[in-house]
Amino acid sequence: MSTGTQILFKRIHVANSHTLAAVTALGAYQSLEKALGMSGEEIIAQVKKAGIRGRGGAGFPAGLKWSFIPKNDPRPRYLVCNADEGEPGTCKDRDIMRYDPHLLIEGMAIAGYAVGAQQGYIYIRGEFVHEAERLESAIAEAYAAGHLGANLHGKGATFHLAVHRGAGAYVCGEETALLESIEGKKGQPRVKPPFPANVGLYDCPTVINNVETLSSVPEIIAQGGEWYSKLGVTNSTGTKIFAVSGHVNKPGNYEVELGIPLKTLLEEYAGGVKGGWANLKGVIPGGSSAPILPPAVCETITMDYDAIGKAGSMLGSGAVIVVNKSVCIVRALARLERFYRHESCGQCTPCREGTGWLSQIVSRIEAGKGRMEDLDLLTDICKNISGKTICALGDAAAGPVQGVLRHFRDEVEYHIKNGRCMVG
Amino acid sequence: MSSDQQTIPMEVDGPPPRFSPEALQRIEEILTRYPEAHRRRSALIPVLHLAQKEFGGWLSRQAMDLVADHLGIPPIRVYEVATFYTMFNLKPVGKHHVQICTNISCWLCGSDAIVKAVQQKLGVGFGQTDKDKRFTLTEVECLGACVNAPMMQINDDYYEDLTPDKISGILDGLT
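As they're listed, the protein sequences go chains A and B. All residue numbers in the first sequence are consecutive under the numbering used here, ending with 409. All residue numbers in the second sequence are consecutive under the numbering used here, ending with 506.
Derived from the structure by calculation, the hints contain no laboratory data. Treat the hints with caution; some may be incorrect.
[Stated by the list, open to error] Below, a list of computed lysine-lysine pairs in the DSSO-like style, where the Cα atoms sit at most 30 Å apart: (1) B/Lys462 x B/Lys447; (2) B/Lys422 x B/Lys384; (3) A/Lys170 x B/Lys422; (4) A/Lys170 x A/Lys373; (5) A/Lys354 x A/Lys402; (6) A/Lys170 x A/Lys(-5); (7) A/Lys295 x A/Lys215; (8) B/Lys384 x A/Lys235; (9) A/Lys354 x B/Lys452; (10) A/Lys295 x A/Lys34; (11) B/Lys447 x A/Lys259; (12) A/Lys170 x B/Lys384; (13) A/Lys368 x A/Lys354; (14) B/Lys447 x A/Lys235; (15) A/Lys248 x A/Lys310; (16) A/Lys310 x B/Lys497; (17) B/Lys426 x A/Lys170; (18) A/Lys177 x A/Lys373; (19) A/Lys310 x A/Lys354; (20) B/Lys422 x B/Lys452; (21) A/Lys33 x A/Lys140; (22) A/Lys19 x A/Lys33; (23) B/Lys462 x A/Lys259; (24) A/Lys259 x A/Lys295; (25) B/Lys447 x A/Lys310; (26) A/Lys177 x A/Lys215.
Pulled out of the complex, with its shape left as it was, chain A reads as follows (with noise of 0.2 Å):
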């Protein structure tokens, strides 16, 4: 196994990296210095060379996300990270902000220089208490040394930051939820437009960007958007850190260029398919919502947007989830359905009521109580809600469903016919 290069794990296996004092030594704050002498235009022009699109799941290119802030505007503006990471299956922001914060801190001071934000959030999940310590601890050291605050560098710019942590609601990890969120009300996604560049925290203009994203900057900065771009592939630059759980022998974190082979980056990072590959059943690539994808596409798929877009899934997070044939594909979804049901805020009927359905009635098949005219309703139900709500927690509902159909539908009617798995 070769590591290639990396951008957001570069620190994270010296002693104590996240600290100030460890951190330091290896360049920290270094790009912050380096944003701080250039314009904000000369820093977003920078980002949308590179490439790099945002890491959380909708994969929209992180520099024209901040090119859309109004300019001449007099509202004050703000940058919000998210780190809500509820994506079942997703876990690599949390690496990143327990072993090496300074760098999301770095890059969100960075990100708030460029768009001209003053403030900025941190939203982190309620259920990291220990991470959102060491958030916080890290705000409190670089604030000391002036990476944050009034003034940043004795050149001028200010920005000021904070962590703002959930309490336990997987739809906050919808931006414009999110943003309700930190407004201190319920989680419910709001109509879009107008989108948060225009009206987003306090109704006022809003970036919004993943751990992720906003980690990769600082590199962005230190050796260019053309550097940056030649890493991965096109439509697909920079590194991805992948999470990969499930039926692996080396389950974890790996940071690797977008782009990489499927099949290597289970094979050769993450210790193999339980069993050997001939054990694979499927790949759920981008986090639960993603649908999963077969053994036949995931013998030669690569992990990028274009690549997963095409094989009807998505990238997603890059939470990648490995079932093994040991596995009934029925009850796996039973369980993932009955999360969205969980998790629907309740605002939209077609995904409050669809989600529902879907969870009933895949739960009934599981219970070998299944019709085979079910199969239809499911597929119906899918189209209703498809594209029919404010957020897309809808859909996320409907894409595991879609791709078990489409690629287990045998293993779906043996379990109506029989009213039993085909496994075990």
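Go by the hints and put chain B onto chain A.
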């Protein structure tokens, strides 16, 4: 948030709770994080976390009313937030709140056996508290530690890479 929505406990008993001086100081510090015009509302979730910690791991109606009063926001705004987010407990919990993830990655890695081991050890099922009020057991959704599955959270701490034989030692080790 849908089928298992929590409801506000209406009964009121015991003396009204009060924040300790340390908690009051902490609340003042929390308020400064947000712009002046929005700070009382934005502080709600952090202050509810603090109140829950302060008042025995759960939020009584009186505790929520105290938060509403202290922040100067209508009680209904506090109730709707407290009922929306799963981390806010609206009924008493044991000293150790054991939360086991059974979502996809944990399930693939054997969370069923972890659930069984914990239930056998504690003699309680999901949603139950033992008679000594030492343990409450809850099934939870993904907690974001998937590459170290299966896992559980007890109060603020994660216990990862679990196997059934580790359970007894972990639970016995809690003070």
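We went through each hint and held it up to the structure:
no., hint, result
1, B/Lys462 x B/Lys447, "holds (19 Å)"
2, B/Lys422 x B/Lys384, "holds (13 Å)"
3, A/Lys170 x B/Lys422, "holds (21 Å)"
4, A/Lys170 x A/Lys373, "holds (24 Å)"
5, A/Lys354 x A/Lys402, "holds (9 Å)"
6, A/Lys170 x A/Lys(-5), "violated (38 Å)"
7, A/Lys295 x A/Lys215, "holds (22 Å)"
8, B/Lys384 x A/Lys235, "violated (37 Å)"
9, A/Lys354 x B/Lys452, "violated (33 Å)"
10, A/Lys295 x A/Lys34, "holds (24 Å)"
11, B/Lys447 x A/Lys259, "holds (23 Å)"
12, A/Lys170 x B/Lys384, "holds (20 Å)"
13, A/Lys368 x A/Lys354, "holds (23 Å)"
14, B/Lys447 x A/Lys235, "holds (25 Å)"
15, A/Lys248 x A/Lys310, "holds (17 Å)"
16, A/Lys310 x B/Lys497, "holds (27 Å)"
17, B/Lys426 x A/Lys170, "holds (29 Å)"
18, A/Lys177 x A/Lys373, "holds (13 Å)"
19, A/Lys310 x A/Lys354, "holds (23 Å)"
20, B/Lys422 x B/Lys452, "holds (23 Å)"
21, A/Lys33 x A/Lys140, "holds (25 Å)"
22, A/Lys19 x A/Lys33, "holds (17 Å)"
23, B/Lys462 x A/Lys259, "violated (41 Å)"
24, A/Lys259 x A/Lys295, "holds (27 Å)"
25, B/Lys447 x A/Lys310, "holds (23 Å)"
26, A/Lys177 x A/Lys215, "violated (34 Å)"
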